[in-house]
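Chemist: Chains as they are written, first to last, in full-length UniProt numbering: chain X, 1 to 73; chain U, 1 to 463.
Calculated directly from the structure, the hints in this document are not laboratory data. Nothing here was measured: the structure is a model prediction, and the numbers come from that model. Treat each hint with caution, since some may be false.
[Said to hold, decoys possible] Derived pair list, reagent style DSBU-like, types lysine-lysine, alpha-carbon separation capped at 35 Å:
id: 1; chain 1: U; residue 1: Lys452; chain 2: X; residue 2: Lys49
id: 2; chain 1: X; residue 1: Lys27; chain 2: U; residue 2: Lys455
id: 3; chain 1: U; residue 1: Lys355; chain 2: X; residue 2: Lys33
id: 4; chain 1: U; residue 1: Lys62; chain 2: X; residue 2: Lys33
id: 5; chain 1: U; residue 1: Lys100; chain 2: X; residue 2: Lys49
id: 6; chain 1: U; residue 1: Lys355; chain 2: X; residue 2: Lys32
id: 7; chain 1: U; residue 1: Lys11; chain 2: U; residue 2: Lys134
id: 8; chain 1: X; residue 1: Lys32; chain 2: U; residue 2: Lys181
id: 9; chain 1: U; residue 1: Lys452; chain 2: U; residue 2: Lys192
id: 10; chain 1: U; residue 1: Lys391; chain 2: U; residue 2: Lys377
id: 11; chain 1: U; residue 1: Lys254; chain 2: X; residue 2: Lys49
id: 12; chain 1: X; residue 1: Lys49; chain 2: U; residue 2: Lys269
id: 13; chain 1: U; residue 1: Lys455; chain 2: U; residue 2: Lys403
id: 14; chain 1: X; residue 1: Lys33; chain 2: U; residue 2: Lys403
id: 15; chain 1: U; residue 1: Lys391; chain 2: X; residue 2: Lys49
id: 16; chain 1: U; residue 1: Lys391; chain 2: X; residue 2: Lys32
id: 17; chain 1: U; residue 1: Lys377; chain 2: U; residue 2: Lys180
id: 18; chain 1: U; residue 1: Lys452; chain 2: X; residue 2: Lys32
id: 19; chain 1: U; residue 1: Lys455; chain 2: U; residue 2: Lys192
id: 20; chain 1: X; residue 1: Lys32; chain 2: U; residue 2: Lys403
id: 21; chain 1: U; residue 1: Lys62; chain 2: U; residue 2: Lys134
id: 22; chain 1: U; residue 1: Lys391; chain 2: U; residue 2: Lys126
id: 23; chain 1: U; residue 1: Lys269; chain 2: U; residue 2: Lys254
[Stated by the list, open to error] Just so you have them, the derived chain U footprint on chain X, three or more residues with Cβ under 8 Å:
id: 24; segment: 2-9
id: 25; segment: 22-28
id: 26; segment: 57-68
Glycine included, every Cβ here is placed at the ideal spot set by N, Cα and C.
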Amino acid sequence: MVNATEGVLVECADAAMKQLLLHLDEKLPPDKKFILHDLDETHVFIASKHLEFLQSEIDCFMDSVSFPLAEKD
Amino acid sequence: MSVQQRTLDCKDLHSYLKTLPAAVLDRLYNHPATCLAVFRELPELSRIYIMRILFVDQAVPKAIMGSWVSPNSARELEDIVKLLTELRVWQEVEMQGGLKGWLLNPTFRRNLKGALLGGGNEWSMKPNTDADPKARGIAVLDEYAMGRWECVLHFMVGSHQHEAISSDALQILQHAGLMKKEPGDNQLSITKDGFQFLLMDTSAQVWYFLLQYLDTANSRNLDLIDCLGFLFQLSFSTLGQDYSTDSMNDGLQKFLQHLREFGLVYQRKRKDGRFYPTRLALDIAAGPKKSMLNSLNASSQATGYIVVETNYRVYAYTDSSLQVALIALFCELIYRFPNLVVGIITRESVREALKRGITADQIVSFLRQHAHSECYKEPPVLPSTIADQIKLWAIERDRFLYKDGVLYNQFDSQADFEILRNYAQERGLLVWHTLNGRKMVVTKEGHDEVRKFWKRHSRNGSM
Chain X
1 MVNATEGVLV ECADAAMKQL LLHLDEKLPP DKKFILHDLD ETHVFIASKH LEFLQSEIDC
61 FMDSVSFPLA EKD
Chain U
1 MSVQQRTLDC KDLHSYLKTL PAAVLDRLYN HPATCLAVFR ELPELSRIYI MRILFVDQAV
61 PKAIMGSWVS PNSARELEDI VKLLTELRVW QEVEMQGGLK GWLLNPTFRR NLKGALLGGG
121 NEWSMKPNTD ADPKARGIAV LDEYAMGRWE CVLHFMVGSH QHEAISSDAL QILQHAGLMK
181 KEPGDNQLSI TKDGFQFLLM DTSAQVWYFL LQYLDTANSR NLDLIDCLGF LFQLSFSTLG
241 QDYSTDSMND GLQKFLQHLR EFGLVYQRKR KDGRFYPTRL ALDIAAGPKK SMLNSLNASS
301 QATGYIVVET NYRVYAYTDS SLQVALIALF CELIYRFPNL VVGIITRESV REALKRGITA
361 DQIVSFLRQH AHSECYKEPP VLPSTIADQI KLWAIERDRF LYKDGVLYNQ FDSQADFEIL
421 RNYAQERGLL VWHTLNGRKM VVTKEGHDEV RKFWKRHSRN GSM
């Protein structure tokens, strides 16, 4: 029987970024998990209600892997 | 949900003309200056074609024209045929014996001949015969033009140290979507497009602004054709020469006053009876590609004022609050001196700019364009680490692309999957699909349609 699920398709620029999503998802408690389907190398299907949370998580992650390149004084 | 990066669409002369209705184009070609302006902007091959058939007063068969290029340039020929047809420079006609041929637009032919050979009515503007007792030199005109233009830009960045601009200019800024009124707020504020506009080079800005102005020409009772014709005339005038306003009708006089406000022409007094075109006006027909202004910028030290070091520091030798405001769009300012501002490019400051809709390329080209003359002595003008890093910061923001949709999976058979996938694909509703595991995503809007189709299909199948 065909199944239809509403959500958001996330297209990742590369496979590594998808692994990051899987990793984020893995660490979360069951009620917070956002990944509905792991589609292929660069695509995942996620629940729309968690999108904002995910975006802020990724921003945080990006902030944590960047370091100030220039000294201010 | 998907985030589309939109850049400001700045049309060149031809793409603008193509948007005009055919009747307007035909009337436009009544003016030799327009024909010459259109002609000189054409690609080389089309210029050759036009020159070859300019004096042939009848249609020329396609087969003959086709033989003028070697077979491996056939693509190029196709392109110019399309361009010339769209510009209504020539039309396809049926010749005797059913041959297809090309015929130059008779108005265009007559006026281009007139422009190239002379004869007919005088089409260029007449220089004043009596010398202006208070003649203005080129340097004064340049200064005036840039001053007026910067006044508009100043207004956009909201530095209120300069005089206010007219309601006409305000209207154009709003019409162009460069500034908008926030609901419940009386002040105009700058939009995403406005930020991009600020970082364009001056000739592109003027051109974009004028296009928007011409868009609204009819609503201010100006004749679009007169205005365009006049602009093209202006672009063939001589810098530093004064021209008479005697032969201009009321509409054009009004237009001239607007051009004066934006610094495209200089007039000492409104009732002076003479005006000087400035470099801004001479540039118009050239469109954003090539311009005299850029050569002006390159030669004068005053406009190149930015030094960027590999440690992300930006030194701007300027006392203009406009230039400081522009740098502050993507820099964090740390020191400010009377003639020097020091800033630093950080990930945060660049991200802030990106969020406002400015692209990495615009930042980089802005820094290159306004680089201090000292920077040119040792290329690269902008350290490549800086240019690369700004682009990397931009790419970092779109590592993920989000699209709303509905996922269909758990199909019973490959045939079912393919039927539904093809159905969605034909209607442009399919976002993504994979054969492996039989999964597909359709758009949210298309979900209802696809579901109905599936219900119909499965009912028929079970019968």
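Chemist: Each of the hints needs a verdict: does it hold here or not?
Modeler: A quick look at each hint next to the structure:
1. U:Lys452 / X:Lys49: holds (26 Å)
2. X:Lys27 / U:Lys455: violated (39 Å)
3. U:Lys355 / X:Lys33: holds (28 Å)
4. U:Lys62 / X:Lys33: violated (66 Å)
5. U:Lys100 / X:Lys49: Measuring from Cα to Cα gives roughly 62 Å; hence the hint is violated.
6. U:Lys355 / X:Lys32: holds (28 Å)
7. U:Lys11 / U:Lys134: violated (38 Å)
8. X:Lys32 / U:Lys181: violated (41 Å)
9. U:Lys452 / U:Lys192: violated (41 Å)
10. U:Lys391 / U:Lys377: holds (25 Å)
11. U:Lys254 / X:Lys49: violated (56 Å)
12. X:Lys49 / U:Lys269: The given pair, whose Cα atoms are some 64 Å apart, is violated under the 35 Å limit.
13. U:Lys455 / U:Lys403: holds (25 Å)
14. X:Lys33 / U:Lys403: holds (19 Å)
15. U:Lys391 / X:Lys49: holds (31 Å)
16. U:Lys391 / X:Lys32: OK: Lys391 (chain U) and Lys32 (chain X) at ~34 Å, within 35 Å.
17. U:Lys377 / U:Lys180: Judged against 35 Å, a Cα distance of about 42 Å means the pair is violated.
18. U:Lys452 / X:Lys32: holds (32 Å)
19. U:Lys455 / U:Lys192: With Cα atoms ~45 Å apart, Lys455 (chain U) and Lys192 (chain U) exceed 35 Å; violated.
20. X:Lys32 / U:Lys403: Holds - the C-alpha atoms of Lys403 (chain U) and Lys32 (chain X) are around 20 Å apart, at most 35 Å.
21. U:Lys62 / U:Lys134: violated (57 Å)
22. U:Lys391 / U:Lys126: violated (50 Å)
23. U:Lys269 / U:Lys254: holds (14 Å)
24. 2-9: With 8 residues closer than 8 Å to chain U, the segment 2-9 of chain X meets the three-residue bar; holds.
25. 22-28: Three-residue rule not met by the segment 22-28 of chain X, so violated; n is 0.
26. 57-68: holds (count 4)
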